[in-house]
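Number of protein chains: 2
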Amino acid sequence: MKHTDIKNIFANCADYIGKQTVVCGWVKTSRNSKNVAFVELNDGTCFKNLQVVIDKEKFDAKVENAFPVGTAVKAEGVIAESAGNVCEMSLVSYKILGESPLDYPLQKKRHSLEFLRTMPHLRVRTNTFLNVQRVRSVLAYATHLYFQQNGFAYINAPLITASDCEGAGEAFTVTTRAWNDTAKSEEEYYAEDFFGKRASLSVSGQLEGEVAAMALGKVYTFGPSFRAENSNTTRHVAEFWHVEPEVAFAELDDIIETVEDYVKFIVKYVLDNCPEEIAFFEKFYEAGLTAKLKNVVESDFVVLDYAEAIKLLQQSGAEFVFKPVWGEELQTEHERYITEQIYKKPVFVTNYPKDIKAFYMKQNADGKTVAATDLLVPGVGEIVGCSEREADYNKLADAMTKRGMNIDAYSYYLDLRKYGSVPHSGFGLGFDRMVMYVTGMSNIRDVILYPRASKEIR
Amino acid sequence: MKHTDIKNIFANCADYIGKQTVVCGWVKTSRNSKNVAFVELNDGTCFKNLQVVIDKEKFDAKVENAFPVGTAVKAEGVIAESAGNVCEMSLVSYKILGESPLDYPLQKKRHSLEFLRTMPHLRVRTNTFLNVQRVRSVLAYATHLYFQQNGFAYINAPLITASDCEGAGEAFTVTTRAWNDTAKSEEEYYAEDFFGKRASLSVSGQLEGEVAAMALGKVYTFGPSFRAENSNTTRHVAEFWHVEPEVAFAELDDIIETVEDYVKFIVKYVLDNCPEEIAFFEKFYEAGLTAKLKNVVESDFVVLDYAEAIKLLQQSGAEFVFKPVWGEELQTEHERYITEQIYKKPVFVTNYPKDIKAFYMKQNADGKTVAATDLLVPGVGEIVGCSEREADYNKLADAMTKRGMNIDAYSYYLDLRKYGSVPHSGFGLGFDRMVMYVTGMSNIRDVILYPRASKEIR
Chain A
8 MKHTDIKNIF
18 ANCADYIGKQ
28 TVVCGWVKTS
38 RNSKNVAFVE
48 LNDGTCFKNL
58 QVVIDKEKFD
68 AKVENAFPVG
78 TAVKAEGVIA
88 ESAGNVCEMS
98 LVSYKILGES
108 PLDYPLQKKR
118 HSLEFLRTMP
128 HLRVRTNTFL
138 NVQRVRSVLA
148 YATHLYFQQN
158 GFAYINAPLI
168 TASDCEGAGE
178 AFTVTTRAWN
188 DTAKSEEEYY
198 AEDFFGKRAS
208 LSVSGQLEGE
218 VAAMALGKVY
228 TFGPSFRAEN
238 SNTTRHVAEF
248 WHVEPEVAFA
258 ELDDIIETVE
268 DYVKFIVKYV
278 LDNCPEEIAF
288 FEKFYEAGLT
298 AKLKNVVESD
308 FVVLDYAEAI
318 KLLQQSGAEF
328 VFKPVWGEEL
338 QTEHERYITE
348 QIYKKPVFVT
358 NYPKDIKAFY
368 MKQNADGKTV
378 AATDLLVPGV
388 GEIVGCSERE
398 ADYNKLADAM
408 TKRGMNIDAY
418 SYYLDLRKYG
428 SVPHSGFGLG
438 FDRMVMYVTG
448 MSNIRDVILY
458 PRASKEIR
Chain B
8 MKHTDIKNIF
18 ANCADYIGKQ
28 TVVCGWVKTS
38 RNSKNVAFVE
48 LNDGTCFKNL
58 QVVIDKEKFD
68 AKVENAFPVG
78 TAVKAEGVIA
88 ESAGNVCEMS
98 LVSYKILGES
108 PLDYPLQKKR
118 HSLEFLRTMP
128 HLRVRTNTFL
138 NVQRVRSVLA
148 YATHLYFQQN
158 GFAYINAPLI
168 TASDCEGAGE
178 AFTVTTRAWN
188 DTAKSEEEYY
198 AEDFFGKRAS
208 LSVSGQLEGE
218 VAAMALGKVY
228 TFGPSFRAEN
238 SNTTRHVAEF
248 WHVEPEVAFA
258 ELDDIIETVE
268 DYVKFIVKYV
278 LDNCPEEIAF
288 FEKFYEAGLT
298 AKLKNVVESD
308 FVVLDYAEAI
318 KLLQQSGAEF
328 VFKPVWGEEL
338 QTEHERYITE
348 QIYKKPVFVT
358 NYPKDIKAFY
368 MKQNADGKTV
378 AATDLLVPGV
388 GEIVGCSERE
398 ADYNKLADAM
408 TKRGMNIDAY
418 SYYLDLRKYG
428 SVPHSGFGLG
438 FDRMVMYVTG
448 MSNIRDVILY
458 PRASKEIR
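These protein sequence lines map, in sequence, to chains A and B.
Following my numbering, the numbering of the first sequence begins with 8 at its first residue and continues without gaps.
Following my numbering, the numbering of the second sequence begins with 8 at its first residue and continues without gaps.
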């Protein structure tokens with residue numbers, strides 16, 4: 008089916024003018040006047056529709072009703088320049104590839120996002136979801152581009168894991184045992200399972216990322232992670248895509264530079280490559296979106312010590328639901344106040360109290376804090392979690408013991424501190440949330456093709 | 008820890024000569040002579056080690072024993088040109104970042120791949136696994152590059168699925184139910200589960216790929232797929248990475264062009280960007296590797312009808328374990344004979360008997376075959392499975408009914424044939440097998456960081 012992508016026609020308009028050309032696409036809208044009909048065709052390759060102009064006298068009477076919304080068409084015609092300086096097609100012949108009967112659920116009108124969530128197989132045909140998926144693809148590509156250009160190796164951390172990970176309560180079990188299989192003990196039950204022991208879906212590829220970074224120097228994962236959390240919010244799903252870089256020979260200051268550089272790069276890449284999509288989201292979903300994104304690209308991000316952040320919040324005079332206190336987590340209200348009210352740009356909060364952070368983070372000399380940082384952005388709060396990793400064998404083993412962890416299950420991880428240990432750091436970015444941030448979509452279910460959450464699957 | 012990646016020094020040797028420079032890395036080997044010591048440092052960013060030359064008179068006596076294999080070092084020195092026209096460093100000062108005690112398992116000698124499989128957290132530090140992972144990363148990047156340059160959108164098909172897929176026997180169950188939970192029926196058991204019904208890990212993203220292609224036109228997935236197969240072979244794992252493009256407005260001939268173009272692109276990209284790694288694999292793992300890969304890039308792939316393939320095999324006079332018969336699967340011995348003995352280059356075998364292929368493939372006019380093709384390559388056999396998809400609602404529904412499938416569970420998939428159906432085609436490539444093919448590694452466990460198979464997990 009030789010044909011031309013509509014994207015290419017718009018990108019090289021002058022080359023096509025006057026030429027007979029074949030396109031394929033789906034009807035977005037159509038309208039009739041006395042002698043002429045207009046059909047807007049979209050083939051998914053770009054935001055813009057190609058307008059097809061039909062001189063009705065040249066076709067039989069059928070043509071008038073041949074193009075209901077959703078109809079698939081192969082159209083041949085001559086490309087011309089229309090009034091608005093864009094390409095359009097003067098139709099010579101056409102073939103209906105697939106009809107769109109009257110019960111097609113996406114007739115020409117705006118549908119609520121809630122309604123569209125009930126039909127994931129069709130909603131991707133709407134302008135909103137086409138644009139979300141295109142921006143998502145560009146953002147993913149920008150991620151690969153950034154890391155590859157900067158000498159990182161892409162690695163695939165395992166998704167099925169037997170590791171007795173912290174937060175195992177949040178992990179899904181992966182099994183081939185049937186619902187009515189029984190055994191005398193947990194051990195015997197899983198001994199008969201596919202892997203011979205209990206296996207679960209990975210919540211993070213970080214630990215394997217560290218393994219790889221101790222050889223390849225600079226690595227990144229970009230793959231799915233899974234959390235069996237029952238939180239029914241607009242920001243949580245059970246299956247999400249995760250970017251987790253890990254860098255050898257990098258201390259906290261170094262990785263902060265990388266995070267800032269990476270975030271600016273991908274946001275700028277989308278601004279440069281998806282101007283029409285961003286304008287669409289600005290119009291329909293988030294006023295000020297472009298300015299928000301430009302501010303990210305052009306700002307110098309702030310680096311703010313956690314202790315200082317607590318002080319600023321306490322002195323702010325603002326009324327918070329949760330009082331800001333040293334030693335407690337920053338709540339989203341605090342994070343947003345810092346980044347939206349105080350600085351009006353992205354802020355790294357650094358050196359959190361060690362008791363509210365994970366066992367693997369590097370313990371600072373003060374004995375109270377760890378070399379961790381969260382990147383906060385206006386409109387969202389935390390978007391990246393980051394830390395230098397503890398590189399000292401004894402300090403790491405102590406932290407694990409204090410948390411009651413099973414040291415034996417982590418002997419491989421401790422080995423990294425035994426043989427050629429080096430300062431190293433890494434971060435994690437929830438990719439779906441980054442797509443939300445860049446598009447202005449406010450529910451994570453709307454940036455994922457088939458979102459998965461508690462009791463939500465189809 | 009400001010320092011320079013060793014890759015950058017080799018890439019811009021002339022710029023560094025005479026300059027004092029800081030590098031970090033791990034000791035690969037070291038040797039002592041009377042006045043001078045040599046240490047080979049690798050930081051993971053490239054194949055080559057940086058040779059560090061130590062004038063022993065300028066350091067205290069400790070220097071002689073400071074660099075056992077595996078030690079992590081920060082080294083400052085002046086870059087000079089060595090005899091072989093490559094950069095080396097004349098050491099000025101150094102700091103040991105992490106020691107490597109004598110029980111380090113990877114002392115300087117060759118280890119068997121079997122032995123290395125017992126320690127996935129350390130084997131990635133060997134030359135073989137460093138090179139495999141670097142080539143894997145480049146091959147992954149080339150995949151994104153190819154599809155993005157050609158107007159495909161990257162999509163993430165869901166990994167957790169409730170769809171009652173063909174081959175569900177091979178799917179892992181994903182659950183939050185405990186090993187000793189019981190219920191009166193399967194339905195009640197899973198009603199209490201996280202998703203409220205039985206969920207499993209996806210074996211393929213194709214069906215969701217088709218959903219997306221019906222809107223975005225050209226899409227590709229690149230993510231994990233899972234098979235709970237008990238086949239303990241050198242080519243099967245339970246968790247693998249899968250490239251699954253799907254193209255609207257493409258018939259079998261069109262997708263064959265795309266497959267050929269894509270495979271040539273990624274193989275050429277690795278030849279161009281990983282010459283040292285490929286030379287390493289040629290030397291240690293597969294004689295003739297470079298010629299094999301160049302042959303792929305430079306050949307016009309053959310397109311051969313399945314019926315003709317059977318005839319050629321029958322007339323070949325070759326002795327096969329399985330007799331080639333029309334209506335039966337091609338065995339690996341047949342596939343390899345066709346591509347290695349008859350054509351000596353990649354071959355598309357097309358139009359297989361419909362009874363040995365999947366329900367979703369387009370039925371040919373002969374009533375006996377489907378518009379499917381497998382790409383066979385010398386040394387492996389099948390590497391890509393591909394087909395035009397059935398776009399006709401009634402034919403598809405018939406094929407599903409004949410196979411005893413639950414039509415209701417696939418109503419979304421049938422909807423794609425009801426509303427604006429178009430000819431469309433797609434293919435699947437097992438990414439890990441492609442890494443094997445390009446590196447010459449003969450066991451799939453050696454191209455994956457943490458391979459997963461029956462009873463194999465750590």
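Honestly, the hints are just simulated from the structure, not real lab data.
Please read these numbers as outputs of a predicted model, since none were measured by experiment.
Where hints are given, some of them may not hold.
No copy is singled out in the list; a pair is fine if it fits within one copy or between any two copies.
[Stated by the list, open to error] BS3-like, lysine-lysine: derived pairs with alpha carbons at most 25 angstroms apart:
1. 102 x 402
2. 55 x 116
3. 69 x 425
4. 69 x 35
5. 425 x 116
6. 26 x 330
7. 271 x 409
8. 330 x 271
9. 9 x 55
10. 290 x 361
11. 41 x 63
12. 14 x 55
13. 271 x 191
14. 425 x 115
15. 191 x 462
16. 299 x 63
17. 63 x 290
18. 402 x 81
19. 81 x 425
20. 352 x 55
21. 352 x 204
22. 425 x 35
23. 102 x 425
24. 9 x 271
Hint by hint, here is what the structure shows:
Taking the closest pair of Cα atoms, residue 102 and residue 402 come within 25 angstroms of each other only across two copies (21 angstroms); inside a single copy the shortest separation is 71 angstroms, beyond that limit. Proximity of residue 55 to residue 116 under the C-alpha cut-off of 25 angstroms is restricted to the intra-copy arrangement: shortest distance 18 angstroms within a copy versus 61 angstroms between copies. For the homomeric pair residue 69 and residue 425, the shortest alpha-carbon distance between copies (21 angstroms) is at most 25 angstroms, but the shortest distance inside one copy (78 angstroms) is not. In this assembly of identical chains, residue 69 and residue 35 lie within 25 angstroms of each other by CA distance solely inside one copy; the values are 19 angstroms within and 76 angstroms between copies.
With identical chains, the CA atoms of residue 425 and residue 116 are at most 25 angstroms apart between copies only, with a shortest distance of 20 angstroms across copies and 63 angstroms within one. With identical chains, the CA atoms of residue 26 and residue 330 are never at most 25 angstroms apart, being 68 angstroms at best within one copy and 54 angstroms at best between copies. In the homo-oligomer, the alpha carbons of residue 271 and residue 409 never lie at most 25 angstroms apart, since the shortest distance is 38 angstroms inside one protomer and 54 angstroms across protomers. For a Cα distance limit of 25 angstroms, the shortest separation of residue 330 from residue 271 qualifies neither inside one copy, at 32 angstroms, nor across copies, at 61 angstroms.
Taking CA atoms no more than 25 angstroms apart as the test, residue 9 paired with residue 55 passes inside one copy only; the shortest distance there is 21 angstroms, against 46 angstroms between copies. In this assembly of identical chains, residue 290 and residue 361 lie within 25 angstroms of each other by CA distance neither inside one copy nor across copies; the values are 43 angstroms within and 50 angstroms between. Within a single copy, residue 41 and residue 63 get their C-alpha atoms as close as 8 angstroms, which meets the 25 angstroms cut-off; across copies the closest is 94 angstroms, which misses it. Taking the shortest Cα distances, residue 14 and residue 55 sit within 25 angstroms of each other inside one copy (8 angstroms), while across copies they are farther apart (43 angstroms).
In this assembly of identical chains, the alpha carbons of residue 271 and residue 191 never lie at most 25 angstroms apart, being 55 angstroms within a copy and 55 angstroms across copies at closest. Taking the shortest Cα distances, residue 425 and residue 115 sit within 25 angstroms of each other only across copies (18 angstroms), while inside one copy they are farther apart (64 angstroms). For the homomeric pair residue 191 and residue 462, the shortest alpha-carbon distance between copies (20 angstroms) is at most 25 angstroms, but the shortest distance inside one copy (30 angstroms) is not. When the C-alpha separation of residue 299 and residue 63 is checked against a cutoff of 25 angstroms, the pair qualifies neither within a copy, at 47 angstroms, nor between copies, at 58 angstroms.
For the homomeric pair residue 63 and residue 290, neither the shortest alpha-carbon distance inside one copy (35 angstroms) nor that between copies (69 angstroms) is at most 25 angstroms. Proximity of residue 402 and residue 81 under a CA criterion of 25 angstroms is satisfied inter-copy only: 22 angstroms between copies versus 67 angstroms inside one chain copy. Only between protomers do residue 81 and residue 425 lie at most 25 angstroms apart by alpha-carbon distance; the minimum there is 17 angstroms, versus 64 angstroms within a single protomer. In the homo-oligomer, the alpha carbons of residue 352 and residue 55 never lie at most 25 angstroms apart, since the shortest distance is 33 angstroms inside one protomer and 42 angstroms across protomers.
For the identical chains of this complex, residue 352 and residue 204 are neighbours neither inside a copy (48 angstroms) nor across copies (44 angstroms), given an alpha-carbon limit of 25 angstroms. In this assembly of identical chains, residue 425 and residue 35 lie within 25 angstroms of each other by CA distance solely across copies; the values are 17 angstroms between and 62 angstroms within a copy. For the homomeric pair residue 102 and residue 425, the shortest alpha-carbon distance between copies (17 angstroms) is at most 25 angstroms, but the shortest distance inside one copy (69 angstroms) is not. Taking the shortest alpha-carbon separations for residue 9 and residue 271, only the inter-copy value of 21 angstroms comes in at or below 25 angstroms, while the best intra-copy value is 39 angstroms.
Consistency with the previously given hints fails for numbers 6, 7, 8, 10, 13, 16, 17, 20 and 21, ordered from lowest to highest.
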